[in-house]
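Trainee: Going down the list, the protein sequences come from chains W and D.
Here full-length UniProt numbering is used: the first residue of the first sequence is 1, the next is one more, and so on.
Here full-length UniProt numbering is used: the first residue of the second sequence is 1, the next is one more, and so on.
Calculated from the structure, these hints are not laboratory results.
Predicted model only: the values in this text are computed from it and were never measured.
One should not assume that every hint holds.
Identical copies look the same in the list; a pair holds intra-copy or inter-copy alike.
What the hints assert, rightly or not - Result set (DSS-like, lysine-lysine): computed pairs, CA atoms no more than 27 Å apart in a straight line: (1) Lys423 with Lys237; (2) Lys447 with Lys260; (3) Lys189 with Lys40; (4) Lys454 with Lys35; (5) Lys260 with Lys37; (6) Lys79 with Lys308; (7) Lys439 with Lys35; (8) Lys439 with Lys237; (9) Lys423 with Lys275; (10) Lys275 with Lys308; (11) Lys37 with Lys454; (12) Lys221 with Lys447; (13) Lys439 with Lys423; (14) Lys236 with Lys189; (15) Lys236 with Lys368; (16) Lys236 with Lys418; (17) Lys272 with Lys236; (18) Lys260 with Lys423; (19) Lys454 with Lys79; (20) Lys221 with Lys236.
Protein chains: 2
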Amino acid sequence: MLYYNADIVTMNADRHIIADGAILVKDNRIADIGKTKALKEKYPEEETYDFGGKLVIPGLIDTHVHLAQSLLRGCADDKELIQWLCQRVWVLQGCFEEDDGYVAAKLCIAEMLKSGTTTFLEAMCADRYNFSRIATAVEESGIRACLGKIVMDIGTYTDAAFAMHPGLIETREQSLLGTLAMHEKWHGKANDRIHVWFGSRTPGGVSVELFKEMTQISQEKDIRITMHCAEVEADKKYFREEFDMSPMEFCDHVGLLSDKTVLVHMVWIEEKDIKMLASSGTHVSHNPTSNCKLASGIAKVPMMLEHKVNVSMGCDGSPCNNDYDMIREMKLAAILHKAVSLDPTVMPAEQVLEMATLNGAKALGLEKEIGSLEVGKKADFVAVDLNKLHTTPSYNPVSTLVYAATGGDVDTVVVDGKIVVQKGELLTINEEEIRVQAKEHADALYKRAGIVNKPIWPVV
Amino acid sequence: MLYYNADIVTMNADRHIIADGAILVKDNRIADIGKTKALKEKYPEEETYDFGGKLVIPGLIDTHVHLAQSLLRGCADDKELIQWLCQRVWVLQGCFEEDDGYVAAKLCIAEMLKSGTTTFLEAMCADRYNFSRIATAVEESGIRACLGKIVMDIGTYTDAAFAMHPGLIETREQSLLGTLAMHEKWHGKANDRIHVWFGSRTPGGVSVELFKEMTQISQEKDIRITMHCAEVEADKKYFREEFDMSPMEFCDHVGLLSDKTVLVHMVWIEEKDIKMLASSGTHVSHNPTSNCKLASGIAKVPMMLEHKVNVSMGCDGSPCNNDYDMIREMKLAAILHKAVSLDPTVMPAEQVLEMATLNGAKALGLEKEIGSLEVGKKADFVAVDLNKLHTTPSYNPVSTLVYAATGGDVDTVVVDGKIVVQKGELLTINEEEIRVQAKEHADALYKRAGIVNKPIWPVV
Numbered sequence: 001m002l003y004y005n006a007d008i009v010t011m012n013a014d015r016h017i018i019a020d021g022a023i024l025v026k027d028n029r030i031a032d033i034g035k036t037k038a039l040k041e042k043y044p045e046e047e048t049y050d051f052g053g054k055l056v057i058p059g060l061i062d063t064h065v066h067l068a069q070s071l072l073r074g075c076a077d078d079k080e081l082i083q084w085l086c087q088r089v090w091v092l093q094g095c096f097e098e099d100d101g102y103v104a105a106k107l108c109i110a111e112m113l114k115s116g117t118t119t120f121l122e123a124m125c126a127d128r129y130n131f132s133r134i135a136t137a138v139e140e141s142g143i144r145a146c147l148g149k150i151v152m153d154i155g156t157y158t159d160a161a162f163a164m165h166p167g168l169i170e171t172r173e174q175s176l177l178g179t180l181a182m183h184e185k186w187h188g189k190a191n192d193r194i195h196v197w198f199g200s201r202t203p204g205g206v207s208v209e210l211f212k213e214m215t216q217i218s219q220e221k222d223i224r225i226t227m228h229c230a231e232v233e234a235d236k237k238y239f240r241e242e243f244d245m246s247p248m249e250f251c252d253h254v255g256l257l258s259d260k261t262v263l264v265h266m267v268w269i270e271e272k273d274i275k276m277l278a279s280s281g282t283h284v285s286h287n288p289t290s291n292c293k294l295a296s297g298i299a300k301v302p303m304m305l306e307h308k309v310n311v312s313m314g315c316d317g318s319p320c321n322n323d324y325d326m327i328r329e330m331k332l333a334a335i336l337h338k339a340v341s342l343d344p345t346v347m348p349a350e351q352v353l354e355m356a357t358l359n360g361a362k363a364l365g366l367e368k369e370i371g372s373l374e375v376g377k378k379a380d381f382v383a384v385d386l387n388k389l390h391t392t393p394s395y396n397p398v399s400t401l402v403y404a405a406t407g408g409d410v411d412t413v414v415v416d417g418k419i420v421v422q423k424g425e426l427l428t429i430n431e432e433e434i435r436v437q438a439k440e441h442a443d444a445l446y447k448r449a450g451i452v453n454k455p456i457w458p459v460v
Numbered sequence: 001m002l003y004y005n006a007d008i009v010t011m012n013a014d015r016h017i018i019a020d021g022a023i024l025v026k027d028n029r030i031a032d033i034g035k036t037k038a039l040k041e042k043y044p045e046e047e048t049y050d051f052g053g054k055l056v057i058p059g060l061i062d063t064h065v066h067l068a069q070s071l072l073r074g075c076a077d078d079k080e081l082i083q084w085l086c087q088r089v090w091v092l093q094g095c096f097e098e099d100d101g102y103v104a105a106k107l108c109i110a111e112m113l114k115s116g117t118t119t120f121l122e123a124m125c126a127d128r129y130n131f132s133r134i135a136t137a138v139e140e141s142g143i144r145a146c147l148g149k150i151v152m153d154i155g156t157y158t159d160a161a162f163a164m165h166p167g168l169i170e171t172r173e174q175s176l177l178g179t180l181a182m183h184e185k186w187h188g189k190a191n192d193r194i195h196v197w198f199g200s201r202t203p204g205g206v207s208v209e210l211f212k213e214m215t216q217i218s219q220e221k222d223i224r225i226t227m228h229c230a231e232v233e234a235d236k237k238y239f240r241e242e243f244d245m246s247p248m249e250f251c252d253h254v255g256l257l258s259d260k261t262v263l264v265h266m267v268w269i270e271e272k273d274i275k276m277l278a279s280s281g282t283h284v285s286h287n288p289t290s291n292c293k294l295a296s297g298i299a300k301v302p303m304m305l306e307h308k309v310n311v312s313m314g315c316d317g318s319p320c321n322n323d324y325d326m327i328r329e330m331k332l333a334a335i336l337h338k339a340v341s342l343d344p345t346v347m348p349a350e351q352v353l354e355m356a357t358l359n360g361a362k363a364l365g366l367e368k369e370i371g372s373l374e375v376g377k378k379a380d381f382v383a384v385d386l387n388k389l390h391t392t393p394s395y396n397p398v399s400t401l402v403y404a405a406t407g408g409d410v411d412t413v414v415v416d417g418k419i420v421v422q423k424g425e426l427l428t429i430n431e432e433e434i435r436v437q438a439k440e441h442a443d444a445l446y447k448r449a450g451i452v453n454k455p456i457w458p459v460v
């Protein structure tokens, strides 16, 4: 298929933007890329797809997603963390049954695809959500995913108040053997669209012994790891009080600092920690909306970038965002750090788009496959319609995308060479059906958990 | 017309949400409001409009808009303030000719209406933009507007580096007589949809004498004032160095502290200033996106709200936002202050919606007319479609609106009893036509100003 008539932000080494460009896709890869006129002449027999002058970018890469939490959207807005986590999020997640995990995954993936995300990293698939059914949702929907299988062996967090819901507790054996089993079953499946990772719980939910076992297996078997880290101040205190270490000293101690690890949030770290990230090649997933909404704080992203840490981006879950729209997330990443540093030149639109594409690919170990539009890479790309009121006029499409557009402006999405969204319509998931199912599953879930979620204001 | 089958967030004194509610509109006012069933029985002959189960809220009120800047969208992203303002924004604005102002206003109003804003306060209409043509754009489009006529008599800002573009400089006479003339001509016109205000330049652009004349006229003739204030640290320094006063001491000195004044941004103020705002009834317009993107800083909004200052919200202009979407603006207002205060309970969704409706109405002196959906008030309301992937499930419509929706989810907009947006389509402005015109006018404007706005990355 020859996709043509688009302004293409290639993200290649020279960062070329091809005006009136075209992309030739053979099977699931980019076979050629260049000007429309040249490619049309070169491939006169090829079937064509007219992008109608839209902007084309590499598929967005969300490096921190909680699929299951899509059913929990708005479950605990404006609440203290302990209420948010222990009385709502964990309780609801601990009551997942049967196909709740599958339906949640479908809802979340549908939202991601429609807003331009073509690859994501799931943080922690609990056994309760049914890993294989979630992998099936990925397979069916056409998205590309790295799925972290949960790793934990302790049921409490930093203190007793943060006790894990019993429905979510797993053992060392479930963690390690479960990951290996799912890796065996799913890694590389769906034409290599599915990868299986360790989805480690935060320190406090994992013993030092288990961390060391996991990081050793990670290196031996090339199974990558993602973990929440230094999200709230209590995390930093925990490392200091329990181990007399800084967050990254602890991660180093248990073997987590590695280019096979993506650490998420990373709000409560200092320059010394940042240097350890840089020298070890450890990746970071920055989640600005989540960090703001949960009042975790503001990560020192400009400092990380200065130290050449690979910082990617994530939307987190819908109780803490409450959407999975990477375009909206890019805007916040671009403007938030300007306010904090009082410098309007930090984190320009171009750098933020790199974080959401190239840096994401690198974090997932997929920089040779995705993250830019170049010959030989997998055909993951997104057409965004900038011919809207709120994106007019537009002279720099990158800054228009980051500062003015939303996921609602996405028109076409191609993953692994297949069109999954066309003219804003999902082709692989029945949108209306999944919305209705999700509502039914969420209703049943709240009932089972004994939680009532209702408006603050009186309903008459 | 009987609008029915909606969940109505009334914003009345009890904050009632009417499930399956209906609104009866007679002429331009709300004649009745209640349950669909009851109102259908009570008014069986009435023409009906089915909201299809959508969420209905009072029309959003944007208390800080630069209409003209819609043509300047993305004109200086990621640049230092002095480059942003003096080499781009002022230069382009200083080169407005003929109907540039009218076209910009139409583009901006179209975007606002489609994203649920029914009333706005224009900060500073320069003579160069042609006040009457802008008022005509308001009249034709059906939106409700308070239009500030620019007031200035000094061509430089806090220091010589911030010299105003000659094309924008106006005199004392233009300022005062111009406002009075426009007030005479337009105030109360279009069925009272148009109000005329003083749109004062920042201290530094206005002499103490002119400030005093303006504030005296404001009180005598009941002409309201809006002004940028304490936006950047240099503003605060200016008041201290030139007058040995805090920002609010200066405003008090020249008569600006009054319930007829809306001060915009208000980032660089202290608790003492905030107490002066509260005791004088002076209103504040909070513009979080603009403050972040321009690296102005983060306003102490939770402290202002604690002190009972009336804080409303604004999107500012498209060089510093880059959109005019109040729903997106609400989300940032709700999450930003949580991150800064490390408290997830500050600025809950409900409070932010109050800021964008009731507080906005109060800031404009229109609290008896708009801001809530109650019998006797003007019929300004917006239906938002929450039956989308990214808003499913939804248990508290207010938090879903603020945290998950965008202006792109707006379905129907009614202003002054007239439907101006229906199923997402503008009825009063030809969207495609204004988009094309805006692009042409922007292209010509850049050419005239000798400014090239192009992508940072190489276009091939």
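Trainee: Of the hints stated earlier, which fail here?
Mentor: Hints 1, 2, 3, 5, 8, 9, 12, 14, 15, 16, 18, 20 are the ones this structure does not satisfy, whereas the remaining hints hold.
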